[in-house]
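Colleague: Chains A and B supply the protein sequences, listed in that same order. According to this note's numbering, the first sequence is numbered sequentially starting from 1. According to this note's numbering, the second sequence is numbered sequentially starting from 1.
FYI, nobody ran anything at the bench for these hints, they're computed from the structure. Treat the hints with care, as some may be off.
[Stated by the list, open to error] Okay, derived cross-link-like pairs now, DSS-like style, lysine-lysine, Cα gap no bigger than 27 angstroms in a straight line: (1) A:K91 - A:K16; (2) A:K88 - B:K317; (3) A:K125 - B:K234; (4) B:K398 - A:K125; (5) B:K234 - A:K47; (6) A:K16 - B:K300; (7) B:K234 - B:K322; (8) A:K16 - B:K99; (9) A:K149 - A:K71.
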Amino acid sequence: MSRMYIDGDLARFFRKDITTVDMELYDGRRFDGLEPRRLFPLTGLEKYIALLDADGAERGIIRDLNTLSKKDREIITDCLAEYYLIPKVAKIYGCREKFGLLTIEANTDKGDVSIVIRNISHSIKLMYNTRVLLRDTNDNRYEIPDLTKLDKKSRSEIDPFL
Amino acid sequence: MITNLKTSEKQIKQASDGAKSDADSNNSNMRINEPFRGNELLANKRLTPEERVKLEQTIPTDERLCFVIVGDLTLKANYGKSLLALTGSHIYAFDENHKDGVYICDYKSAGRAYVKRCYGNAILVVSENCEKTQEDTESAKDGESGEKEKRVNLLRFSYKAASLFEAAAHFIQNISAGHDLDGEMAAVEASFEKQFLVCPRCGRSLMRPGAPCMNCRSKKKIIGKIAHYVLPYKNILLLCMLLAGVTTAASLVPPYMTGMLVDDVLPNGNRKMLAVCVVTLLVTYLVQYGIGAVRSYLLKISGDKIVADLRSDIYEKAQHLKMSFYDRSSTGSVINRISGDTSTIQGFMLRITQEVVIQLFLLVGIIIIMFSRNWQLTLLSLVPVPLVVIGSRIFGRKIAPFYRRIWRRWSAVSSILTDTIPGIRVIKAFTNEKNSVKNFNAYNNEWLKTDIKASRITTLFPNIVNFVITCGSLLIWGLGGSLVIGNSALFSPGLLVSFISYTSMFYGPVNFFANLNDSYQQALNAVERVMDIIDAEPESNFGEGQHPDRLKGKIEFRNVSFSFDRSKKTLSDINITIEPGDIVGIVGTTGAGKSTLINLLMRYYDTYSGEILVDGINIRDIDLEFYRSEIGYVQQEPMMFHDSIYNNIAYGAKNVQVEEVIHAAEIANAHEFIARLPDAYDTVLGERGTGLSGGERQRLSIARAVLKNPGILFFDEATASVDSETESLIQEAIERLIRGRTTLMIAHRLSTLRKANKIIVVDNGEIIEMGSPEELMEKKGKYYKLVQIQTMSDEINKTKAEERFE
Numbered sequence: 001m002s003r004m005y006i007d008g009d010l011a012r013f014f015r016k017d018i019t020t021v022d023m024e025l026y027d028g029r030r031f032d033g034l035e036p037r038r039l040f041p042l043t044g045l046e047k048y049i050a051l052l053d054a055d056g057a058e059r060g061i062i063r064d065l066n067t068l069s070k071k072d073r074e075i076i077t078d079c080l081a082e083y084y085l086i087p088k089v090a091k092i093y094g095c096r097e098k099f100g101l102l103t104i105e106a107n108t109d110k111g112d113v114s115i116v117i118r119n120i121s122h123s124i125k126l127m128y129n130t131r132v133l134l135r136d137t138n139d140n141r142y143e144i145p146d147l148t149k150l151d152k153k154s155r156s157e158i159d160p161f162l
Numbered sequence: 001m002i003t004n005l006k007t008s009e010k011q012i013k014q015a016s017d018g019a020k021s022d023a024d025s026n027n028s029n030m031r032i033n034e035p036f037r038g039n040e041l042l043a044n045k046r047l048t049p050e051e052r053v054k055l056e057q058t059i060p061t062d063e064r065l066c067f068v069i070v071g072d073l074t075l076k077a078n079y080g081k082s083l084l085a086l087t088g089s090h091i092y093a094f095d096e097n098h099k100d101g102v103y104i105c106d107y108k109s110a111g112r113a114y115v116k117r118c119y120g121n122a123i124l125v126v127s128e129n130c131e132k133t134q135e136d137t138e139s140a141k142d143g144e145s146g147e148k149e150k151r152v153n154l155l156r157f158s159y160k161a162a163s164l165f166e167a168a169a170h171f172i173q174n175i176s177a178g179h180d181l182d183g184e185m186a187a188v189e190a191s192f193e194k195q196f197l198v199c200p201r202c203g204r205s206l207m208r209p210g211a212p213c214m215n216c217r218s219k220k221k222i223i224g225k226i227a228h229y230v231l232p233y234k235n236i237l238l239l240c241m242l243l244a245g246v247t248t249a250a251s252l253v254p255p256y257m258t259g260m261l262v263d264d265v266l267p268n269g270n271r272k273m274l275a276v277c278v279v280t281l282l283v284t285y286l287v288q289y290g291i292g293a294v295r296s297y298l299l300k301i302s303g304d305k306i307v308a309d310l311r312s313d314i315y316e317k318a319q320h321l322k323m324s325f326y327d328r329s330s331t332g333s334v335i336n337r338i339s340g341d342t343s344t345i346q347g348f349m350l351r352i353t354q355e356v357v358i359q360l361f362l363l364v365g366i367i368i369i370m371f372s373r374n375w376q377l378t379l380l381s382l383v384p385v386p387l388v389v390i391g392s393r394i395f396g397r398k399i400a401p402f403y404r405r406i407w408r409r410w411s412a413v414s415s416i417l418t419d420t421i422p423g424i425r426v427i428k429a430f431t432n433e434k435n436s437v438k439n440f441n442a443y444n445n446e447w448l449k450t451d452i453k454a455s456r457i458t459t460l461f462p463n464i465v466n467f468v469i470t471c472g473s474l475l476i477w478g479l480g481g482s483l484v485i486g487n488s489a490l491f492s493p494g495l496l497v498s499f500i501s502y503t504s505m506f507y508g509p510v511n512f513f514a515n516l517n518d519s520y521q522q523a524l525n526a527v528e529r530v531m532d533i534i535d536a537e538p539e540s541n542f543g544e545g546q547h548p549d550r551l552k553g554k555i556e557f558r559n560v561s562f563s564f565d566r567s568k569k570t571l572s573d574i575n576i577t578i579e580p581g582d583i584v585g586i587v588g589t590t591g592a593g594k595s596t597l598i599n600l601l602m603r604y605y606d607t608y609s610g611e612i613l614v615d616g617i618n619i620r621d622i623d624l625e626f627y628r629s630e631i632g633y634v635q636q637e638p639m640m641f642h643d644s645i646y647n648n649i650a651y652g653a654k655n656v657q658v659e660e661v662i663h664a665a666e667i668a669n670a671h672e673f674i675a676r677l678p679d680a681y682d683t684v685l686g687e688r689g690t691g692l693s694g695g696e697r698q699r700l701s702i703a704r705a706v707l708k709n710p711g712i713l714f715f716d717e718a719t720a721s722v723d724s725e726t727e728s729l730i731q732e733a734i735e736r737l738i739r740g741r742t743t744l745m746i747a748h749r750l751s752t753l754r755k756a757n758k759i760i761v762v763d764n765g766e767i768i769e770m771g772s773p774e775e776l777m778e779k780k781g782k783y784y785k786l787v788q789i790q791t792m793s794d795e796i797n798k799t800k801a802e803e804r805f806e
């Protein structure tokens, strides 16, 4: 089965819902209500975006968002932003560990939040030595995009748990 | 009908700072009954005064407010409060992004209500049949009815509140469909109750509503939790301590004798006294080292016993942990805890129970002797002590994160080993040796880098302490020496020599206590990780000791839904009834949820909603050990152990006779191939059953099931990876085994389901077809299509095989 990869102006996109788009291909074929999903949600935020229809069947893959026109890129990026909620931690007010639970009081790009982590060694993942992925007790995800960009106090709070 | 109500901006302060208060009550997602207009209002959190005002103003007084769910995200995916209030006739969704802050919809116009699960968040969506379009909504053609369907995103929330919103979606849908309000409220109350079954402090599930949390109740100081491993050996340890007292007292004698020799014996040429001193020193050393040897031996024995007990406990606990623990833990990290961490803890426990007391005893003894000889010099000796103590605290803070990091890096290395060494055949087959080494080296280097960083601190600190201590003894030499030179009558050379000896002995305990923090930090990290297993929630066994004599085999799924993580439902609203003796084939595409059905029946996962009953009893209420002993499970990849074939067949069977094992092997069509092996039933299999073909291993696993004589049987793709000839042997064995037993068989090859009297077709976590094979063939649905495809495929394969043969 051949997979359809979408590059450049192969397709045009129209926003349908907060997480779905309609796609019109250069040959006139049209697919409605496709949901963009990252094939690499952790390591490739802008590359290999699958487009799934209402039944979950893949209708195409956008190789690289940067090859799309500005308008199309914005449509897909907005959809992804609605679907994927991974608040980015900008500041850490404090960390406390009690009863085997680590509670991180943090400021994120989505507001202040209290992140409760049960199993530190499994729920905190350090990637490339600077990026930190967190998963709380309820399976919500958070991210520290770059540890080195945190202020000194935030670093000292989170460091013991990395 | 859709309306937007205007709420007073002044009166209702939007909870922009809601996240902070939400943070405080992060785990307080629980049922709260609070008075509202004279009735008790069901809510997941206590309402703020602003929220109350909002409800009071928006909801007409003649409407019955059923329940309220407080959400934690706004529709724009920012942290903030949202509110869903459901009355007997309307849905009220409060969010700052709705026009005028609230969206109102009546049940008559609301159609489908569902929770759309996204990544890290979810949205409550209600579809309405309506001509009118509006902001925040979009229109979509309903393929079948042709009616306009308007989908409204009511509220967004994190997974924390997702299960309550799911209950709300069911409520909306059922009330819209005209179901009885009180009946639906009972279902919602049950969902709230379920939330309440979680400890608000640590999030672990509770035995019953309001029960104390086993995890939090047993929390003592972390080291204290380990203490009970030491208590059984308290007598030996006390004896060791007593012996240590004797050796320590003996160690204080030599400096005193040295002083005496220098001051009295040698200057006076007293040979008799010299002999007495030498003999006394000899006896002292004999006592010190002789008793020391006995003590070391006793300590070694008790230490080994403590660590063996701890390892056994961890291993035992590991057997009863939930499957979800193993889903998220690497084998390497579990092995690391059982082997490495227990040794670290053993070392530390012995230090705590023995060395701390001895060193303290030594410290106090030396200080008393030193003070009695010269208090000024003694005070001088104490000068470096505060520096050592402060340094130790700083050291502790610096080193603790490193130990955690080192452990994580080492676990990663262990995981590579546990993955690749058993998989060495695959590595060789793909000539991936170089990459494998490269990968290992990358992780090994990560560990090395972290360890080197930690070593800078661990090696530097003791040397700084030693330097400070040495400087302290230089002070004694300088001041004491000048006292001897100035007035040897007041301060004799012997006194100075013994004082120097005591000073160097004094810094031994000081050094010990300074470094204690290092081993304490190491042990603390190890204890934390061990406690991860010891304190982990075990498989719940609410029905311990309760079971019928035998399971007849009636199986019922009632509204069962399940998800491994909260981003996607693996099973949705499953309802099945299987009668005793039924042979049920479960078919569907890969990932449809077939194996999950079996996993839930095996009670590998307990976190599903709805009920699973066997013989009319909820499986959660049946003794777990009994329940599993009544089930035979033949998996696609049968697990064999590094043991004889006999023991592998008899695995888990109690008081089994040799002939029963042979009989089981015969039924499983395994006896013939076993008998042909040189060592027959005594053949020792390699790890994971290497040395046997896939089909042979499968027949051994069937023999295991035969021996178990279960009431219920599960087969998960038992013939998936074998050739046609072996398949027919296995199929024959299966057919012998399943006679008269309730059997659930997952199969891709539909030909293996020829004995099934019922077929369940699973797709996307839902049951789409169910009935006898004949009924489903007549229905010409998914099962019919699968049969058609397989028949065609089989014919093509047959033709190809014939062509090759010709």
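Colleague: Next pair to validate is K125 of chain A with K234 of chain B; report whether the Cα-Cα distance is within 27 angstroms.
Modeller: violated (41 angstroms)
Colleague: Are the Cα positions of K16 of chain A and K300 of chain B separated by 27 angstroms at most?
Modeller: Distance of about 72 angstroms is beyond 27 angstroms: violated.
Colleague: Does the alpha-carbon distance linking K398 of chain B and K125 of chain A stay inside the 27 angstroms limit?
Modeller: holds (21 angstroms)
Colleague: Has the given pair, K88 of chain A with K317 of chain B, been kept, meaning a C-alpha gap of at most 27 angstroms?
Modeller: Not satisfied, since the Cα-Cα distance of roughly 37 angstroms exceeds 27 angstroms.
Colleague: For the pair supplied as a hint, K149 of chain A and K71 of chain A, confirm whether the alpha-carbon distance does not exceed 27 angstroms.
Modeller: Given that 27 angstroms is the threshold and the Cα spacing comes to 31 angstroms, the pair is violated.
Colleague: Below or equal to 27 angstroms on CA atoms is what counts here, so check K234 of chain B against K322 of chain B.
Modeller: Not satisfied, since the Cα-Cα distance of roughly 34 angstroms exceeds 27 angstroms.
Colleague: Are K91 of chain A and K16 of chain A close enough, with their CA atoms no more than 27 angstroms apart?
Modeller: violated (35 angstroms)
Colleague: Run the distance test for K234 of chain B versus K47 of chain A: straight-line Cα separation, threshold 27 angstroms.
Modeller: violated (62 angstroms)
Colleague: Is it true that the CA of K16 of chain A sits at most 27 angstroms from the CA of K99 of chain B?
Modeller: Cα-Cα ~20 angstroms, so holds.
The structure shown violates the earlier hints numbered 1, 2, 3, 5, 6, 7 and 9.
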